[in-house]
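These protein sequence lines map, in sequence, to chains A and B. Heads up: the first sequence begins at 3 in my numbering, then just goes up one per residue. Heads up: the second sequence begins at 3 in my numbering, then just goes up one per residue.
If you're looking for bench data, these hints aren't it; they were derived computationally from the structure. Mixed in with the good hints, there may be bad ones.
[Claimed, not checked] Facing chain B, from chain A, some residues (calculated, C-beta under 8 Å):
1) 117
2) 173
3) 199
C-beta atoms are modelled at their ideal positions from N, C-alpha and C, and glycine is treated no differently.
Protein chains: 2
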Amino acid sequence: MTQVDHTRMANAIRGLAMDAVEKAKSGHPGLPMGAADMATVLFTQFLKFDAAATDWPDRDRFVLSAGHGSMLLYSLLYLTGNAAMTLDQLKQFRQLGSLTPGHPENFHTKGIETTTGPLGQGISTAVGMALAEKMLAAEFGKKIVDHHTYVLASDGDLMEGVSQEAIAMAGHWKLNKMIVLYDDNGISIDGPTSISDSVDQVKRFKACGWAAEKIDGQDQAAISAAITRAQKSNKPTLIACRTTIGYGAPHKAGTAKAHGEALGADELKAAKENLGISLEPFSVPDDVLKAWRAAGSRGATARQEWEARLGELGSRKRAEFERRLRHERPASLAKAVKAFKKELLEKPLVAATRKSSEAVIEVIAAAMPMEFLAGSADLTGSNNNKAKSATAFSAKTPKGRFIHYGIREHGMAAAMNGIFLHGGFAPNGATFLVFTDYARPAMRLAALMGAGVVYVMTHDSIGLGEDGPTHQPVEHLSALRAIPNMRVFRPCDSVETAECWELALNRIDGPTVLTLTRQNLPQLRTSVNENPCQYGAYELVAAQGEAKATLFASGSEVEIAVAAQKQLAERGIPSRVVSVPSLELLLAQPEAKRAAIIGNAPVKVAIEAAVRWGWDAVIGQDGEFIGMHSFGASAPAKDLYKHFGITAEAAVNAVLKRVS
Amino acid sequence: MTQVDHTRMANAIRGLAMDAVEKAKSGHPGLPMGAADMATVLFTQFLKFDAAATDWPDRDRFVLSAGHGSMLLYSLLYLTGNAAMTLDQLKQFRQLGSLTPGHPENFHTKGIETTTGPLGQGISTAVGMALAEKMLAAEFGKKIVDHHTYVLASDGDLMEGVSQEAIAMAGHWKLNKMIVLYDDNGISIDGPTSISDSVDQVKRFKACGWAAEKIDGQDQAAISAAITRAQKSNKPTLIACRTTIGYGAPHKAGTAKAHGEALGADELKAAKENLGISLEPFSVPDDVLKAWRAAGSRGATARQEWEARLGELGSRKRAEFERRLRHERPASLAKAVKAFKKELLEKPLVAATRKSSEAVIEVIAAAMPMEFLAGSADLTGSNNNKAKSATAFSAKTPKGRFIHYGIREHGMAAAMNGIFLHGGFAPNGATFLVFTDYARPAMRLAALMGAGVVYVMTHDSIGLGEDGPTHQPVEHLSALRAIPNMRVFRPCDSVETAECWELALNRIDGPTVLTLTRQNLPQLRTSVNENPCQYGAYELVAAQGEAKATLFASGSEVEIAVAAQKQLAERGIPSRVVSVPSLELLLAQPEAKRAAIIGNAPVKVAIEAAVRWGWDAVIGQDGEFIGMHSFGASAPAKDLYKHFGITAEAAVNAVLKRVS
């Protein structure tokens, strides 16, 4: 410890947090005040980082899972010397365009590891980070990859169900370099947590394979000793730190009033006097700031030593490491996919798109065997996203590149975010499309953060068949397309499946959902020179003559559209088929491109075994829609398509009705 | 026990399950075969039910959380004498229109308590059932309400995060009449659960306030003894029953191969020989069937005694009990809401709709104080759905009618399903709209089952302000509207809030989302005779002259539409304002009604602080949309509306551009 004592350093956090929330008249002072001791011990004694190089790959990760306590993080960034995080930014807390939004946004503010706020996400994302560290260390060695993942979590983080999925995975995988500081302050928004909770978290974590203990979270020596023990554990560790929310505020400390609103001028003044902090807003004593800045730069030497070790790695391995961290795909990928598409022309693949996807995955995994990181929420054999060469990841086999996530869709999606954010891998995770509902909060964060993850979502319609309406997505395509920055692809055959996979892997600024069928489909594409899926839609079958109708369809229903087009042609009615692998990507095209694809045939029909919601943007209010108007049912797929009237005949009749 | 021994009765389940899956060539034989002993002990020795009266209010509830094992349930229904569940229905397993769909559907097959299949839902719904039992027993007495809630859960149910939320609540509330039989077979689809899990479930449940023990799940005496102990516990109980999946199948038992597909003719034959079951498909020996039928009717006497006790309750209390179970609202409700609306005309309420909702709730709670059951996922003071008269529910205060669910949106929504299905209450639960993402799997089940629950979702747009994009819904209105049978209301003022609440409470065949603002809104309505929200939309402001434009808006943006209409009028451009409290309800109107509301003004503008997705169905592809095109940002609400261009000026300009 420096000559400036711990308490004055912790109080600097408390003072800044109180002042910023007060100025914004909005925010959460209680957590930063209570957790300031934990944060001070961690950042001054343990956290390996260099404030001058926030993107140092081997830095320790610090995830503020309790994102509402964002002023803790902003204060730390300022105090430790993050160049962008000026005092002025703290004064602009929660104002438009500042680096200090209400909850931490990693895509917006450097030095922040992940976006938090929706509770449970931070701790679950951190599991992915710790997992990536373990895998990358096994591959590149401890000299290059050897860091901890620290999490500061709140009561709410641990009440959220996703935390159970996350801690079960971390315990199973023995992610011993993951250390969770639990801000056990016993207070949530509604009051004492005792009104809604009586879980013994230490026992719960132990039941899940963690080391866990309870300490006084305002006692710096106790915190320091506990982290030291945690670092030596062969299990992930929970340190339940009993703290006082709003520590130092004479009337509000220890109550819900300190949680989510400004303290008010009087209480703030009294708290500062109580703690011995200057009443001057946003002031930090010079010696305290200097001590903090020293903490922020103490990792510089370690970083330089690491740079030296990286240099010794050999130019090829170093280039690979750096390419991987940039999420840049190997040059071989594009070539391999191109060759695969050509093969398909010669030897068509008539198969479910989940099976076509499996074939594409073989090609991809061969091109990028160590970074293509697949996994499934216990549906491996159904999702078909495991390459033959991939072995299962486990604590003992960290070079395995297939992850059995268990029946944990939400935890899987959150972990994937962490894996991507950590860097080094192109993660994809699989389940049935209908279960994106379980993963949605983490998927939304991926879209918000611009995380380039891929969701392999099979059994994408009533074509799933006998499992019935609980397992049949009908609204999910629409609900996913509605998320900003989410890309949804629904390929119609093996060629489109390869193209959509390539687009998905090359999309490193946002997530992609690949929705795939359970049932077999013909190969419809006859040319593979371009990748027309990049426009969201394209003319698959041209009209013979001036088109009287355009049939739009996606995925398994393109086959139906093609059949209808043929039947119409036989009746002398020219029509065209537009395959729409990505409806929202079509709508995002420049107006001229979009209009050219949609065309101006007088009758527009959309065919999709899902709800209409969203399709009016293409077919118009008076367009014909052949799809679902309710939940599905349990029966063989063919019976269901007939029962719900999603047939070529229905499409033909819809056109005939309008043409005549 | 009858003279027919336990094993032969259990084997009847195994035989039927194997045969039905084999015939369907689809399904899950493994669970019914492994869990047959547990089910036989439960149904013959403990479960209080009368197969002839599946709607007996005081029956024990049995929830097959592991819904994929549906043949267990169908076999039990047939064997115990459920009249509709004939042998022929078992032969139609997983076929269109049969009573035996892939996963159990309570809305389709009598005798099934809730729809399961999406893992974790059953156990979490059961918490709501057990909660409702406790509350109703406290109100009407043990002579009328005194039953257990049994759950059969699988590994997957316990891996899902929602299970943690559910068991934490059940433990905290000391729902001692909830007993979970955990089918601890150590196998999931991907193989042994050891590849993805190492949680000690007994310890985990104990950490959450449960009694828990481990037994041999094929040992009838052990099962019987454990259930007896559980019934005496003052805590909910987990009985981890070690079983063998596919029990009896010589080669596939104990492996993932027994889980989710037909055994195949050879293995089926061998299994039957092994177990001593007739090779004749779907055959049950007469004496075994008779013993099962006796088990199914053994509760008849208890039911008759219960009927007698109900008769002794007094006509008024009995009528109240029966009305409550029918989900019929008291006659006073409509009157009270009508009076409240009239008061609003005299004394307008300028407030956030969450505050208007609070005022409406006072009126509702006065009309139905014991059945209006509100709760919040730890945002009570922000959601404003607690009536002043409501006290907190707890284990010691079971007459409390406000539930502090903790930070458990998913568990809350699932529990609400169980509360509704149990009967006796009109449950509503609250959080921020953005967190519907967390609750979505349970909300979808509510829509599928037709459960009349109400979600009070406040902070429904960027109007939430400083908390930023993680807390600002932009796609959620659209994503919820896309769910079949989900009703979404977004009232624009206090009058509409009252009207939407009334519609929501009267909707007992499906769920309703009320989305409410954080920010203040004016009162716009000037007449209250009708409830025009029932049509989804209506003309709020008529044009002075032939309308050149229609401005459609919902919720907080109706104020903006009204201001734009005024500005346009000042420029001599007649326009009308259509308030759209429910977009999907508008679209569901008969064509003439819908067309009349939408009108035929040449310019159509929609204003909603959310994504456009879905609005094209009203305004057309060439309609103008004033709303969100990205995620939000952290800033005061007023700054955000300006920043994202959701203003009256933008609406006026959109019209001017098109009119000129």
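Outcome of the hint check:
A hinted interface residue such as residue 117 of chain A counts as satisfied when its beta carbon comes closer than 8 Å to some beta carbon of chain B; here the least separation is about 6 Å, so the hint holds. Nearest Cβ of chain B to the Cβ of residue 173 of chain A: about 6 Å, under the 8 Å cut. The hint holds. With 8 Å as the threshold, the beta carbon of residue 199 of chain A comes within range of chain B, its nearest partner Cβ sitting at about 5 Å, so the hint holds.
Checked against the numbered hints given earlier, this structure breaks none of them.
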